[in-house]
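Participant: Produce the complete structure using the sequences and hints provided.
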Amino acid sequence: MPKSILQVQNIDVFYHDFHALWDISIEVEEALIVSLIGANGAGKSTLLNTIAGVLQPSKGTIEFYGKKINGLLPYQAVEEGISMVPEGRRVFPRLTVLENLEMGCYISKARPKKDEILQKVYELFPILQERKNQLSITLSGGEQQMLSIGRALMCQPKLILLDEISLGLAPLVIKNIYQTVRRINSEGITALLVEQDIQRSLKTSHKFYIMQSGRIRIESKPGELSQEEIRKAYFGL
Amino acid sequence: MLSYLNELKVPIVNGLLLGGLYGIIGIGMSMIFGIVRLVNLAHGDLVILASYLSLVVLSFFPVSPLVTLIVVIPVMCLIGFIVQYYLLNQVLGKGMNPPLLVAFGLSIILQNLLLLIFTPDARTLLTSISVQTLPLGNFLNIPLVYLVDFIASLMTIILLSRFFNRTYLGKAIRAASDDEGAAQLMGINTKTIYAIAMAIATGTAAIAGVLVGMTFTFYPHTGPEYLIIAFGVVIVGGLGSLLGTFLGGLILGLAQILGAHFLGPGYQLLSGYLILLIVLTFKPTGLFAKG
Numbered sequence: 398m399p400k401s402i403l404q405v406q407n408i409d410v411f412y413h414d415f416h417a418l419w420d421i422s423i424e425v426e427e428a429l430i431v432s433l434i435g436a437n438g439a440g441k442s443t444l445l446n447t448i449a450g451v452l453q454p455s456k457g458t459i460e461f462y463g464k465k466i467n468g469l470l471p472y473q474a475v476e477e478g479i480s481m482v483p484e485g486r487r488v489f490p491r492l493t494v495l496e497n498l499e500m501g502c503y504i505s506k507a508r509p510k511k512d513e514i515l516q517k518v519y520e521l522f523p524i525l526q527e528r529k530n531q532l533s534i535t536l537s538g539g540e541q542q543m544l545s546i547g548r549a550l551m552c553q554p555k556l557i558l559l560d561e562i563s564l565g566l567a568p569l570v571i572k573n574i575y576q577t578v579r580r581i582n583s584e585g586i587t588a589l590l591v592e593q594d595i596q597r598s599l600k601t602s603h604k605f606y607i608m609q610s611g612r613i614r615i616e617s618k619p620g621e622l623s624q625e626e627i628r629k630a631y632f633g634l
Numbered sequence: 016m017l018s019y020l021n022e023l024k025v026p027i028v029n030g031l032l033l034g035g036l037y038g039i040i041g042i043g044m045s046m047i048f049g050i051v052r053l054v055n056l057a058h059g060d061l062v063i064l065a066s067y068l069s070l071v072v073l074s075f076f077p078v079s080p081l082v083t084l085i086v087v088i089p090v091m092c093l094i095g096f097i098v099q100y101y102l103l104n105q106v107l108g109k110g111m112n113p114p115l116l117v118a119f120g121l122s123i124i125l126q127n128l129l130l131l132i133f134t135p136d137a138r139t140l141l142t143s144i145s146v147q148t149l150p151l152g153n154f155l156n157i158p159l160v161y162l163v164d165f166i167a168s169l170m171t172i173i174l175l176s177r178f179f180n181r182t183y184l185g186k187a188i189r190a191a192s193d194d195e196g197a198a199q200l201m202g203i204n205t206k207t208i209y210a211i212a213m214a215i216a217t218g219t220a221a222i223a224g225v226l227v228g229m230t231f232t233f234y235p236h237t238g239p240e241y242l243i244i245a246f247g248v249v250i251v252g253g254l255g256s257l258l259g260t261f262l263g264g265l266i267l268g269l270a271q272i273l274g275a276h277f278l279g280p281g282y283q284l285l286s287g288y289l290i291l292l293i294v295l296t297f298k299p300t301g302l303f304a305k306g
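First to last, the sequence lines map onto chains A and B. When you line the first sequence up against our numbering, it's residues 398 to 634, in that order. When you line the second sequence up against our numbering, it's residues 16 to 306, in that order.
I should point out that these hints are in silico values taken from the structure, not numbers from a laboratory. Incorrect hints may appear among the rest.
Below 20 Å or equal to it, Euclidean Cα-Cα: the simulated SDA-like pairs (lysine to any residue) are [unchecked claim]:
1. A/LYS600 with A/SER563
2. A/LYS529 with B/PHE179
3. A/LYS506 with B/THR207
4. B/LYS298 with B/TYR288
5. B/LYS206 with A/GLN526
6. A/LYS510 with B/TYR183
7. A/LYS604 with A/GLU616
8. B/LYS24 with B/ALA275
9. A/LYS629 with A/ILE595
10. B/LYS206 with A/GLY468
11. B/LYS109 with A/PHE411
12. A/LYS618 with A/LYS456
13. A/LYS529 with B/GLY185
14. A/LYS511 with B/LEU184
15. A/LYS511 with B/TYR183
16. A/LYS529 with B/THR182
17. A/LYS510 with B/ARG181
18. A/LYS511 with B/ARG181
19. A/LYS604 with A/GLY585
20. B/LYS24 with B/THR182
21. B/LYS206 with B/GLY108
22. B/LYS206 with A/GLN453
23. B/LYS24 with B/GLU240
24. A/LYS456 with A/ASN467
25. B/LYS206 with A/GLN473
26. A/LYS600 with A/GLY585
Predicted, not measured: the structure shown is a model, and the values here were computed from it.
Facilitator: What follows is the structure, given as structure tokens:
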């Protein structure tokens, strides 16, 4: 097993009064794709948002490359090398495609290599180069998703958090995007992925966690569990 | 017919020139409304604060008021940054009312502070420009100060629009205005970005204040008059476009001067507000709104 780079230890997270995550612990190893599987409201996105610094755990710690990162704000987590593709893509609608990508390498240590990374992103998603001067609001859903992923790569992250990147997209586009995720991963970028489609997750990831009602139910690797066992954990039976 | 048009030349030119001044009065308000989603009720008072700051500098160095901008702009930018970072940022995201009340409180404090320090006397930034006219053709004399207002305003807007489109910081400000949460995920500290945006907005208020002070007399309580003008410019021009704000200023200026020309001087303000009402009725997002 490669070395573990992210350790989430016994965290509790609240949305105001609502107890969203209960005593969650996960580990992500270097250069793997790890996925979080679960039904709507299981707490997958909440967990990603907590790692990215959008939410703060009320208990427990998060360590990244040996450094405690809970308590950091999102813009500080980016400096540590954690980049997020948020749910719903969240591209900047009134900025052009190129400007969106430029915002991806806003942090000062990412900027010197901007042109080099930009070329890489254009290689991954040639359509973005074609449309670089278009306002991003004029892109299709799939193109916006590519832009959102490309933008998250611009800061040369060590870990990329992918939140529901297949949401609302056509099957062919989803396939294309997941191929790219594997390609990004093969270049050494660790990925933590949230996905509702179990089959897609199992096919893509090296390791997965099943979440249900704000708790981790199962940690496993694709092929280890039967469909029936996964289904039971998914629905909390 | 020809003589009729000739007669209109004067009010049209004057209206456009006055509108240029209105544009720069409104631009800072429009920026903050668009970027921070804050209705800065203290904008007019910040403009007048800049007029007084220029007055103070002039009392030490008898130069042209335009030269005092070297001091007034940085001081106003600093004030704007501090006000946003330490005051307004604390109440953002807590609903509509708290930021509005803080801005309103700031407005009252500024007015009374100015009253305390400078007494309620009428002031003006004395300059030889104020009394000179520029002959244009045989019968058209343009007051030089209005021309200076217009050019300064246009230059500011061109510079700002370059800043927002070409610099990293400018793009980051636009990104934060589009989606604050996503901007933070890009490593952008949006609180600082808001403070910088406010610093730039009060910087434009500094320019507006010096121009206003050269053009009109001012008192500690003049701020709200310019707040109303800024509101008008934002409503007519719409959000999201600097050029739109400038054009909004021109339309408001034209409406006022043409109203005064046709209906009599007493109707100058009223005809401006009529245009506001018409725009609000038929295109509430403003004439030049984007997105």
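Participant: Now tell me, hint by hint, if it's right for this structure.
Facilitator: Results of checking the hints against the structure:
1. A/LYS600 with A/SER563: This hinted pair holds, its Cα atoms lying about 14 Å apart.
2. A/LYS529 with B/PHE179: holds, 18 Å
3. A/LYS506 with B/THR207: This hinted pair holds, its Cα atoms lying about 18 Å apart.
4. B/LYS298 with B/TYR288: holds, 15 Å
5. B/LYS206 with A/GLN526: violated, 32 Å
6. A/LYS510 with B/TYR183: Measuring from Cα to Cα gives roughly 15 Å; hence the hint holds.
7. A/LYS604 with A/GLU616: Distance ~8 Å between A/LYS604 and A/GLU616 Cα, so the pair holds.
8. B/LYS24 with B/ALA275: The given pair, whose Cα atoms are some 14 Å apart, holds under the 20 Å limit.
9. A/LYS629 with A/ILE595: holds, 13 Å
10. B/LYS206 with A/GLY468: holds, 17 Å
11. B/LYS109 with A/PHE411: Since the Cα atoms of B/LYS109 and A/PHE411 sit roughly 19 Å apart, the hinted pair holds (cutoff 20 Å).
12. A/LYS618 with A/LYS456: violated, 28 Å
13. A/LYS529 with B/GLY185: Holds: A/LYS529 and B/GLY185 sit about 18 Å apart, inside 20 Å.
14. A/LYS511 with B/LEU184: holds, 16 Å
15. A/LYS511 with B/TYR183: holds, 12 Å
16. A/LYS529 with B/THR182: holds, 17 Å
17. A/LYS510 with B/ARG181: holds, 19 Å
18. A/LYS511 with B/ARG181: holds, 16 Å
19. A/LYS604 with A/GLY585: holds, 16 Å
20. B/LYS24 with B/THR182: Violated - the C-alpha atoms of B/THR182 and B/LYS24 are around 40 Å apart, more than 20 Å.
21. B/LYS206 with B/GLY108: Roughly 11 Å between the alpha carbons, so the hint for B/LYS206 and B/GLY108 holds.
22. B/LYS206 with A/GLN453: With a Cα-Cα distance of about 18 Å, the restraint between B/LYS206 and A/GLN453 holds, given a limit of 20 Å.
23. B/LYS24 with B/GLU240: This hinted pair is violated, its Cα atoms lying about 27 Å apart.
24. A/LYS456 with A/ASN467: holds, 10 Å
25. B/LYS206 with A/GLN473: Status holds; Cα separation ~13 Å.
26. A/LYS600 with A/GLY585: holds, 18 Å
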